[in-house]
Amino acid sequence: MFHLLSLIFRYLFIFVIYLFIFAIIRLIYLDIKGMTQVKEARPYLKLINRKEQLPFKVKEVYTIEKTVTIGRKKENDIIINDPYISNQHVKIISDEGSFFVEDIDSANGTYLNGDRIIDVVELKSGDRIRLGQIEFLFIEE
Amino acid sequence: MLRKLLSYKTPQNLILLIDIMALCLLYFYKESFDEFILISGIFLTFIIYISNFILLRTSSGDHYIFLIMTMLISIGIIMIYRINPFYGFRQITWFGVGITTFFLFYAVIKKIKKWEDWTKTYMILSFILFLSTLVFGVKIKGATNWIKVGNIGFQPAELIKIIFIFFLASYYSKKEKIMNTYGLIGIVYTYIGFLFIQRDLGTAMIFYFIFMTIFYIFENNRKLIYYNIIGAFFIALVSYFVVNHVQIRVVTWLDPWKYIDNKGYQITQSLFAIASGGFFGTGIGLGYPEFIPEVHNDFIFSAICEEMGIFGGIGVIMLFLILVYRGFKIALYQQNLFFKIVAIGMTTLLGLQAFIIIGGVIKMIPLTGVTLPFVSYGGSSLISSFAALGILQVASEEMDPSQEEDNG
Chain U
509 MFHLLSLIFR YLFIFVIYLF IFAIIRLIYL DIKGMTQVKE ARPYLKLINR
559 KEQLPFKVKE VYTIEKTVTI GRKKENDIII NDPYISNQHV KIISDEGSFF
609 VEDIDSANGT YLNGDRIIDV VELKSGDRIR LGQIEFLFIE E
Chain R
109 MLRKLLSYKT PQNLILLIDI MALCLLYFYK ESFDEFILIS GIFLTFIIYI
159 SNFILLRTSS GDHYIFLIMT MLISIGIIMI YRINPFYGFR QITWFGVGIT
209 TFFLFYAVIK KIKKWEDWTK TYMILSFILF LSTLVFGVKI KGATNWIKVG
259 NIGFQPAELI KIIFIFFLAS YYSKKEKIMN TYGLIGIVYT YIGFLFIQRD
309 LGTAMIFYFI FMTIFYIFEN NRKLIYYNII GAFFIALVSY FVVNHVQIRV
359 VTWLDPWKYI DNKGYQITQS LFAIASGGFF GTGIGLGYPE FIPEVHNDFI
409 FSAICEEMGI FGGIGVIMLF LILVYRGFKI ALYQQNLFFK IVAIGMTTLL
459 GLQAFIIIGG VIKMIPLTGV TLPFVSYGGS SLISSFAALG ILQVASEEMD
509 PSQEEDNG
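Going down the list, the sequences are from chains U and R. Counting from 509, one number per residue, gives the positions in the first sequence under the working numbering. Counting from 109, one number per residue, gives the positions in the second sequence under the working numbering.
Be aware that one or more of the hints could be misleading.
Straight-line alpha carbon distances no greater than 27 Å define the calculated DSSO-like cross-link-like pairs of lysine-lysine that follow [to be verified]: (1) Lys-599/U - Lys-574/U; (2) Lys-218/R - Lys-283/R; (3) Lys-219/R - Lys-285/R; (4) Lys-221/R - Lys-567/U; (5) Lys-228/R - Lys-283/R; (6) Lys-247/R - Lys-437/R; (7) Lys-582/U - Lys-218/R; (8) Lys-282/R - Lys-437/R; (9) Lys-567/U - Lys-218/R; (10) Lys-567/U - Lys-283/R; (11) Lys-282/R - Lys-221/R; (12) Lys-581/U - Lys-221/R; (13) Lys-554/U - Lys-574/U; (14) Lys-218/R - Lys-228/R; (15) Lys-222/R - Lys-582/U; (16) Lys-222/R - Lys-437/R; (17) Lys-554/U - Lys-219/R; (18) Lys-228/R - Lys-582/U; (19) Lys-247/R - Lys-282/R; (20) Lys-256/R - Lys-219/R; (21) Lys-219/R - Lys-581/U; (22) Lys-282/R - Lys-219/R; (23) Lys-471/R - Lys-581/U; (24) Lys-218/R - Lys-581/U; (25) Lys-283/R - Lys-247/R; (26) Lys-541/U - Lys-437/R; (27) Lys-567/U - Lys-471/R; (28) Lys-221/R - Lys-582/U; (29) Lys-541/U - Lys-581/U; (30) Lys-219/R - Lys-567/U; (31) Lys-567/U - Lys-256/R; (32) Lys-582/U - Lys-599/U; (33) Lys-567/U - Lys-282/R; (34) Lys-221/R - Lys-437/R.
FYI, nobody ran anything at the bench for these hints, they're computed from the structure.
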C-alpha cells in the first residue's frame with residue numbers, strides 16, 4: 509500500500525512544488541509589471557537634488573494620480589519633513605488631464621522655474637518646482 | 109474545493125496541500141503508526157497557515173520570503189521525518205521555536221531604533237562568544253563549535269553570524285567611523301582566525317564571503333578589495349598545506365573514489381544517492397538515504413535528490429534562487445543605509461550557505477559542513493536562519509521617516 513502510494517505521490521509532490529514556484533514567480537512578475545505601468549502612464553515629480561545630501565526622507569519619484577498636497581503634516585499625500593516646508597505647502601491639482609500647481613499660503617513660498625507662484629499656474633512637462641530645500645521636475649508624457 | 113486548493117493564485121494553499129499529502133503518505137509509513145504524528149502534523153500545518161496569515165496582516169513589507177521559507181521547511185520536515193521519525197518530531201518543535209524567534213526578531217528589530225549606533229557592542233559581544241566557545245566548547249564531529257549547557261547544545265557561531273552582519277552594517281552606515289578600514293579588516297580576520305582554531309571551515313568561508321560582499325559594495329578604497337582577494341588565496345593555500353582538515357576535504361573533492369572506504373565514504377554515498385534518484389526519484393520512503401552518514405543534517409539535499417528526484421532537487425535550488433532574488437530586491441528598495449546593508453548581509457548569508465552545502469554534496473566545490481538553511485535538521489541553524497529572515501522582513505518595510513531624520 510505504502511509502496512504504491514509513494515510511487516504516485518512522488519509525481520504529485522514535484523508537481524505541487526513546481527506549481528508553487530510558478531505561483532510565486534507569477535506574483536512577483538505581477539508586482540513588477542504593476543510598478544512599471546504606473547510609472548509609464550502617470551505624470552510624476554522627479555527629485556532633482558541628490559537624495560544623499562538631504563537630511564530627511566524623500567523619494568526619488570512621486571507619481572501624481574489625482575490632486576495631491578505636499579507638506580510636513582501627516583494629512584498630506586506627500587509628506588516631506590523639511591523644516592523649510594510648511595505644514596501644508598503646495599497643492600497639485602489634476603483637472604481633466606491638465607495639472608495645476610497652487611501654493612497654499614506657505615511660509616517660504618513655492619517657485620516655478622525660479623519665479624514665486626502667486627496664483628494657480630498650469631504645469632508643463634519639464635517645469636521645475638522648488639519648495640523648501642528641494643526641487644522637483646514635473647514630467648508628463 | 110480541490111480546485112481552490114490547487115489554484116496557483118494562492119500559494120499558501122499549495123503549502124497546505126503538500127503538508128496534507130505528506131501527512132497521508134506518512135500515515136502509511138512504517139506500519140506502526142502512532143497518533144502523535146497526526147497531531148504534530150496537523151499542528152505544523154496549522155502554524156504555517158496561521159503565521160502566513162498573521163504576517164500578511166501585520167507586515168507591510170515582502171510576503172514572498174516567508175512563503176518560500178515555509179515551503180522549504182515543509183520539504184525538510186517530510187524528509188527528516190522519513191529518515192528518522194524522532195528527529196522529525198524534534199524538527200517540528202524547533203520549527204515552532206523558530207517561528208516564535210522570527211516574530212520576536214521582527215518585533216524587536218522594528219521596535220528598537222538606533223541599531224546602527226552599537227558598532228562596539230557588536231564587536232565585544234562577538235569576541236565574548238568566540239572566547240567562550242574556545243573555553244567551554246565541546247568537540248563534535250571534528251569541530252569545536254558547540255557549547256553544552258546541560259542537555260542542550262548550541263552553536264555560538266550561528267548567533268555570531270547575525271551579530272557580524274550588524275557589525276559590518278553599522279560600520280558602513282556611519283559617517284564617522286570608529287576605526288579605519290585596516291582596523292575593520294583586522295577584526296574580520298581575527299574572527300576567521302577564531303573559526304579556524306575551532307576547525308569550523310564552512311562558517312569561516314561564510315564569514316569571509318559575507319565580508320567580501322559588503323566590502324565590495326560599500327568600500328571606497330577599491331585597491332584594498334583586490335589585496336583582500338589575493339590575501340584570501342594566500343590563506344587558502346597555506347591552510348591547505350598546514351591544516352590537515354583542509355587537505356582531506358580537498359583531496360576527497362578531487363578524487364573521492366580513491367578513498368571510498370574511509371575519507372571519501374560520505375561524499376561517494378551522496379553521489380550514489382543522487383544518481384539512484386533519477387528524474388522523479390525513488391519515491392519517499394523507498395530509497396536508502398540512510399546509507400549516507402549525517403544525512404538528516406548536512407546531506408539532506410542528497411536525500412531529497414534520491415527520493416524526490418533531480419526535479420525535486422532543482423525545485424529546492426529554485427526556491428533558494430527566488431529567496432535570494434527577493435532579498436536583493438529588498439536591499440535595493442530600502443532607503444535606510446543600515447538596513448540596506450543588513451538586507452544584503454542576510455541574503456548573502458542564506459544564499460551562500462545553501463550554495464556551499466549544495467555545491468559540497470554534489471561535489472562541485474570541496475565539502476564543508478554547513479547546514480542547508482530551513483531544510484536541514486538542527487536547532488541552532490534553524491533558529492538563526494529564522495532570525496535572519498525576521499530581520500530581512502523588517503528590512504523589506506519602509507522605514508519610519510522620523511528615524512531617518514535622526515540619522516542626519
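Here's how the hints hold up against the structure:
1. Lys-599/U - Lys-574/U: Distance of about 11 Å is within 27 Å: holds.
2. Lys-218/R - Lys-283/R: 23 Å, holds
3. Lys-219/R - Lys-285/R: 25 Å, holds
4. Lys-221/R - Lys-567/U: With a Cα-Cα distance of about 21 Å, the restraint between Lys-221/R and Lys-567/U holds, given a limit of 27 Å.
5. Lys-228/R - Lys-283/R: Distance ~15 Å between Lys-228/R and Lys-283/R Cα, so the pair holds.
6. Lys-247/R - Lys-437/R: Between Lys-247/R and Lys-437/R the Cα gap is close to 40 Å, so the pair fails against 27 Å, i.e. violated.
7. Lys-582/U - Lys-218/R: 21 Å, holds
8. Lys-282/R - Lys-437/R: Answer holds: Lys-282/R to Lys-437/R is near 23 Å, not above 27 Å.
9. Lys-567/U - Lys-218/R: Given pair Lys-567/U, Lys-218/R holds - Cα atoms ~21 Å apart, limit 27 Å.
10. Lys-567/U - Lys-283/R: 21 Å, holds
11. Lys-282/R - Lys-221/R: 15 Å, holds
12. Lys-581/U - Lys-221/R: Distance ~22 Å between Lys-581/U and Lys-221/R Cα, so the pair holds.
13. Lys-554/U - Lys-574/U: This hinted pair holds, its Cα atoms lying about 16 Å apart.
14. Lys-218/R - Lys-228/R: Satisfied, since the Cα-Cα distance of roughly 21 Å is no more than 27 Å.
15. Lys-222/R - Lys-582/U: 23 Å, holds
16. Lys-222/R - Lys-437/R: With a Cα-Cα distance of about 24 Å, the restraint between Lys-222/R and Lys-437/R holds, given a limit of 27 Å.
17. Lys-554/U - Lys-219/R: With Cα atoms ~32 Å apart, Lys-554/U and Lys-219/R exceed 27 Å; violated.
18. Lys-228/R - Lys-582/U: Measuring from Cα to Cα gives roughly 36 Å; hence the hint is violated.
19. Lys-247/R - Lys-282/R: 39 Å, violated
20. Lys-256/R - Lys-219/R: 32 Å, violated
21. Lys-219/R - Lys-581/U: 23 Å, holds
22. Lys-282/R - Lys-219/R: Distance of about 20 Å is within 27 Å: holds.
23. Lys-471/R - Lys-581/U: 59 Å, violated
24. Lys-218/R - Lys-581/U: 23 Å, holds
25. Lys-283/R - Lys-247/R: Not OK: Lys-283/R and Lys-247/R at ~42 Å, beyond 27 Å, violated.
26. Lys-541/U - Lys-437/R: At roughly 14 Å apart (the allowed maximum being 27 Å), Lys-437/R and Lys-541/U satisfy the hint.
27. Lys-567/U - Lys-471/R: Violated, at roughly 46 Å.
28. Lys-221/R - Lys-582/U: 21 Å, holds
29. Lys-541/U - Lys-581/U: Violated. Lys-541/U to Lys-581/U sits at ~32 Å, over the 27 Å cutoff.
30. Lys-219/R - Lys-567/U: Distance of about 23 Å is within 27 Å: holds.
31. Lys-567/U - Lys-256/R: 49 Å, violated
32. Lys-582/U - Lys-599/U: 15 Å, holds
33. Lys-567/U - Lys-282/R: The hint holds at about 21 Å.
34. Lys-221/R - Lys-437/R: It holds: about 23 Å lies between the C-alpha atoms, which stays within 27 Å.
When held up to the earlier numbered hints, the structure conflicts with 6, 17, 18, 19, 20, 23, 25, 27, 29, 31 and fits the remainder.
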